[in-house]
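Participant: Chains B, Y and W, in that order, give the protein sequences. Here the first sequence is numbered in the UniProt record's numbering, starting from 1 and rising by one per residue. Here the second sequence is numbered in the UniProt record's numbering, starting from 1 and rising by one per residue. Here the third sequence is numbered in the UniProt record's numbering, starting from 1 and rising by one per residue.
For the record, the hints were derived by calculation from the structure and aren't laboratory data. Keep in mind that a hint or two might mislead.
Listed below are the simulated DSBU-like cross-link pairs for lysine-lysine, each with C-alpha atoms no more than 30 Å apart in a straight line [as the list claims (entries may be wrong)]:
no., chain 1, residue 1, chain 2, residue 2
1, Y, Lys88, Y, Lys46
2, W, Lys12, Y, Lys143
3, Y, Lys88, B, Lys80
Take a look, some chain Y residues computed to stay more than 12 Å from chain W by CB distance [as the list claims (entries may be wrong)]:
no., residue
4, Glu34
5, Ala50
6, His56
7, Gln85
8, Glu107
9, Gln108
10, Gln111
11, Leu135
12, Met139
13, Lys143
14, Val153
15, Glu159
16, Leu167
17, Asn171
A short, non-exhaustive set of chain W residues, derived as facing chain Y with CB atoms under 7 Å [unchecked claim]:
no., residue
18, Asp2
19, Ser4
20, Phe8
Backbone N, C-alpha and C fix where the C-beta goes; we use that ideal spot for every residue, glycine too.
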Amino acid sequence: MAAYSVDLSTGNNYFDLNDILASQEKIPCIFNIAVEGLGYLDQSTPDPDIGVGTKLELPLWLAKYLHRDARGIVSVETPKTYREGYRQILAADPSVVDLHRLGPHFYLGGGKLALFNLPDIQDVLKTLLQTFQGRFRRIMDGSQNALHTDLTNQINMLDESERRLFAAGQRGLLEFQSWESRESEKLSTSSVVLNQRKRKWVGACRDSGD
Amino acid sequence: MLAEKALDLVRELQRSLDGTLPPYNEDKIRQVLEEMQTLFDQNKDKAHFAAEGQTHLLSAIQLRHAAIRRNKRCLLAYLYNRLEQIKKMRWEFSSVLPSDVKYNLCEQEVQWFNQYNRLLANYMRSLGENGGLDLTQDMKPPKALYVLVRCLVDHGEFETQDGTTILLKKNSQHYLMRAECEHLIRQGILEHIVQ
Amino acid sequence: MDPSEVEFLAEKEHVKIVPNFTQDTIYLISGDIGPFVAGLPVCVPLWLAVNLKQRQKCRVVPPDWMTLEVLQEKKQAEMDSRFFTEMPSPFYIEITQLLLQCATDDIPRADEIRTLIKDIWDLRIAKLRSSVDVFIKSEESHAKLNFLTLMEINTVREFLTKGLDHMHQLKSNLNGGGMASNSQFL
Chain B
1 MAAYSVDLST GNNYFDLNDI LASQEKIPCI FNIAVEGLGY LDQSTPDPDI GVGTKLELPL
61 WLAKYLHRDA RGIVSVETPK TYREGYRQIL AADPSVVDLH RLGPHFYLGG GKLALFNLPD
121 IQDVLKTLLQ TFQGRFRRIM DGSQNALHTD LTNQINMLDE SERRLFAAGQ RGLLEFQSWE
181 SRESEKLSTS SVVLNQRKRK WVGACRDSGD
Chain Y
1 MLAEKALDLV RELQRSLDGT LPPYNEDKIR QVLEEMQTLF DQNKDKAHFA AEGQTHLLSA
61 IQLRHAAIRR NKRCLLAYLY NRLEQIKKMR WEFSSVLPSD VKYNLCEQEV QWFNQYNRLL
121 ANYMRSLGEN GGLDLTQDMK PPKALYVLVR CLVDHGEFET QDGTTILLKK NSQHYLMRAE
181 CEHLIRQGIL EHIVQ
Chain W
1 MDPSEVEFLA EKEHVKIVPN FTQDTIYLIS GDIGPFVAGL PVCVPLWLAV NLKQRQKCRV
61 VPPDWMTLEV LQEKKQAEMD SRFFTEMPSP FYIEITQLLL QCATDDIPRA DEIRTLIKDI
121 WDLRIAKLRS SVDVFIKSEE SHAKLNFLTL MEINTVREFL TKGLDHMHQL KSNLNGGGMA
181 SNSQFL
């Protein structure tokens, strides 16, 4: 295994949970050769083997393994949400698109497509970058401005990495505001304790509800 | 689907990384290990035939191998991220974990916590000249030596540094040295009152 | 950094007070303070000024810039300029905050001053956000901003570094850099 950095914040790390979830995103695969004993991957047929030409959506980590092989067990296609049609929508006005619906790990998963020899990969990667640039301002303003208005709608439309960014912006604002109101002088109960209690409380309610 | 259970573990942990630690999911971990064992055994059988020239078996072998590695990554990430969280808790709670947190750790994690605890304590004792320096204190710049606190729960007796014993009874108020009661505030036993 | 840590740094700034007691010089690692003579102005660190004021041992002399005239001018200059203008103190917001909290009676028209400082702060933060957005869109790898204060930088620090990390990752995907690092883990 190659050396890895221990910094988990960049999302490119062996132990990074988000990276693991992103590599679970699906990519359309076509089997070039028949494979014995793998029929269970295709739940639509009881056949124990996979025949030539079978089309399956496989997680990126699995597809990469089958695609990397010199004999090319599968060929891959660009996932629908990264194809020309969606790229045009994103180019028109990236800030209004519900990115979370296109893929909860839109950027991280999209970046992993670079591992496959897709003909339009350069366009996909360019779209990722331009989409983020186009949406950045709204994420920043949303996270910094309207602390008291309802942000649920906006947050729902962000992909997971954008949500982490949004949360970071809010943390900065909240910390400043609690300093401004002298709230930060007060020693407070650790958030770990509070969350643990909340969890326990919710658990207790659920138990008694049954 | 292959490696699905291992992914459940990752999802479960990722959902709760807001500062809490879910119970160590021993059951699921065992299931993942069983899946890995099964995949490994299948590969061992088939590898024998593949070596004898039945190369059409190779694809399936490789795929199972990929699934084993995927499972391994998920398991390690699960354990590693839990350790990171436990390490953070040492700084939040000081050396004693609340019982409901401790309840969610597996035995090895408790051991690891104790060892980390000892390392940190040794290091802090070695700092400076007069019996060390508690790095977990005054995480924010302190404003005053003494603080006014109110008890949120019945905690029992508490001996202060000057030797007097006070009773920390629910709703009672005390004027204590900040250094002495900071941990109790973080643990939610006392509430800091700012005038 | 937590804002309270930024405030801690600001508390090393000196302000002028008029003590109502007399005492010899105090020798501290960070420098000598005093001597104090009742009725004579003396410069002390902000933390000490706040402490003395809270115990009613002194009167605070507001900094030169803490007047309506100066701050109105500053505000106008900040509005007129495309860039950040230089603040009268790198810790203007912290000093205002602390002095207005404990020494309102020593500062003429304290409420209006509070509002003006807040206006200037808002103007500058809005400017900061626009600059950050331009920076992200321009795909430059570095930028130089003069006269930003620590507290201002601090409010966007985590957001900005996370945002830039994200940009960097998307860019290195494009340059093929992402390929090598991505391929290790799937």
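Participant: Does each hint hold? Answer for all of them.
Facilitator: Right, here's what the structure says about each hint:
1. Y:Lys88 with Y:Lys46: violated, 45 Å
2. W:Lys12 with Y:Lys143: holds, 14 Å
3. Y:Lys88 with B:Lys80: violated, 41 Å
4. Glu34: holds, 23 Å
5. Ala50: holds, 23 Å
6. His56: holds, 25 Å
7. Gln85: Since the minimum Cβ distance to chain W is about 20 Å, glutamine 85 of chain Y lies beyond 12 Å and the statement holds.
8. Glu107: holds, 29 Å
9. Gln108: holds, 25 Å
10. Gln111: The assertion about glutamine 111 of chain Y holds, with a minimum of 29 Å to chain W.
11. Leu135: holds, 15 Å
12. Met139: violated, 8 Å
13. Lys143: violated, 9 Å
14. Val153: holds, 27 Å
15. Glu159: holds, 30 Å
16. Leu167: Answer for leucine 167 of chain Y: holds, closest chain W Cβ roughly 31 Å.
17. Asn171: Holds, since 28 Å exceeds 12 Å.
18. Asp2: Interface hint status for aspartate 2 of chain W: holds (6 Å vs cutoff 7 Å).
19. Ser4: It holds, given that the least Cβ distance between serine 4 of chain W and chain Y is near 5 Å, below 7 Å.
20. Phe8: At about 4 Å, which falls below the 7 Å cut-off, the nearest Cβ of chain Y leaves the hint on phenylalanine 8 of chain W intact, so it holds.
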